[in-house]
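J.: Now for the letters of each chain:
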Amino acid sequence: MVKKHMKIDSHLDQIERVGRFVQEAAQDAGFDEMESYACELAVSEACENIILHGYGDDSTGEIEVSVRTEPDNITIELWDDAPPFDPANSPIKLDPSIDDPPIGGLGLVIMHRVMDEMEYNRREGRNQLRMRRSRKPPS
Amino acid sequence: MEINIQGYKRVTVVTVTGRVDSVTYSEFENALQAELEQGKVNIALDFSGVEFISSAGLRVLVNARKTVKNAGGRIVIAQPSQQVTETLEIAGLEVLFEQFPDRETAIAAF
Chain V
1 MVKKHMKIDS
11 HLDQIERVGR
21 FVQEAAQDAG
31 FDEMESYACE
41 LAVSEACENI
51 ILHGYGDDST
61 GEIEVSVRTE
71 PDNITIELWD
81 DAPPFDPANS
91 PIKLDPSIDD
101 PPIGGLGLVI
111 MHRVMDEMEY
121 NRREGRNQLR
131 MRRSRKPPS
Chain A
140 MEINIQGYKR
150 VTVVTVTGRV
160 DSVTYSEFEN
170 ALQAELEQGK
180 VNIALDFSGV
190 EFISSAGLRV
200 LVNARKTVKN
210 AGGRIVIAQP
220 SQQVTETLEI
230 AGLEVLFEQF
240 PDRETAIAAF
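Top line first, the protein sequences correspond to chains V and A.
Under our numbering, the residues of the first sequence are numbered 1 to 139, in order.
Under our numbering, the residues of the second sequence are numbered 140 to 249, in order.
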């Protein structure tokens, strides 16, 4: 098992760093290029939600990221000090068959579709979001 | 992100390279908006060089599609990179955008 850590300020231009960090970890765990990209995308959406909707106008916040990898598995944990928000159990709605889809909540849709499990906890006044994905067999 | 715009007789080709994310989406949105305001409602997006597109970029696409559709136009995607295809499929939006394997075919479709 490999564990890695990083921290960013709550600025949108920092998200790319987290994305690459997670993408590299996913590749190390044996995920292929597009599965690693999907993990990068999901964690980027999670960070964007925290920065825009959690911290909002507060640009002094931080997001702590820890990634744990085992062969064929990745677990990503995000910690932040923004007001409580539970993306793991937020309702998501997107019906691709309709012609004019609602575009709010797209980030949540992506997170839920990429990850096999999402778990939210409020601990010691902080938000903890844990996301896990296993490598999919080639189709 | 870089944006290049080429006007053809019946279609405008907007080529985007790099990342379309929460930092850069407004630049993409403004570029499309400028074309739409000039009445150019047939758009082919060359996405062969897009390395990353997040929900912020997808929102621009969905909004632009709605605008051109209301104006009697079309917006299609030419030569999507693997990352674009993957993101559209994950979000379940691939059915909304006609896709072409290369820009010549996309241009010929108008």
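Keep in mind that the hints were calculated from the coordinates and are not lab data.
For every residue, glycine included, the Cβ atom is placed at its ideal position computed from N, Cα and C.
A portion of the hints provided could be inaccurate.
[To be verified] Some chain V residues near chain A, calculated using beta-carbon distances under 7 Å:
| hint | residue |
| --- | --- |
| 1 | Asp13 |
| 2 | Gln14 |
| 3 | Met34 |
| 4 | Tyr37 |
| 5 | Pro83 |
| 6 | Ile92 |
| 7 | Leu106 |
J.: Take the hints in turn and mark each one as holding or not.
T.: Verification of the supplied hints:
no., hint, in the structure
1, Asp13, "holds (5 Å)"
2, Gln14, "violated (10 Å)"
3, Met34, "holds (5 Å)"
4, Tyr37, "holds (6 Å)"
5, Pro83, "violated (20 Å)"
6, Ile92, "violated (11 Å)"
7, Leu106, "holds (4 Å)"
Comparing the model with each earlier hint shows violations of hints 2, 5, 6; every other hint is respected.
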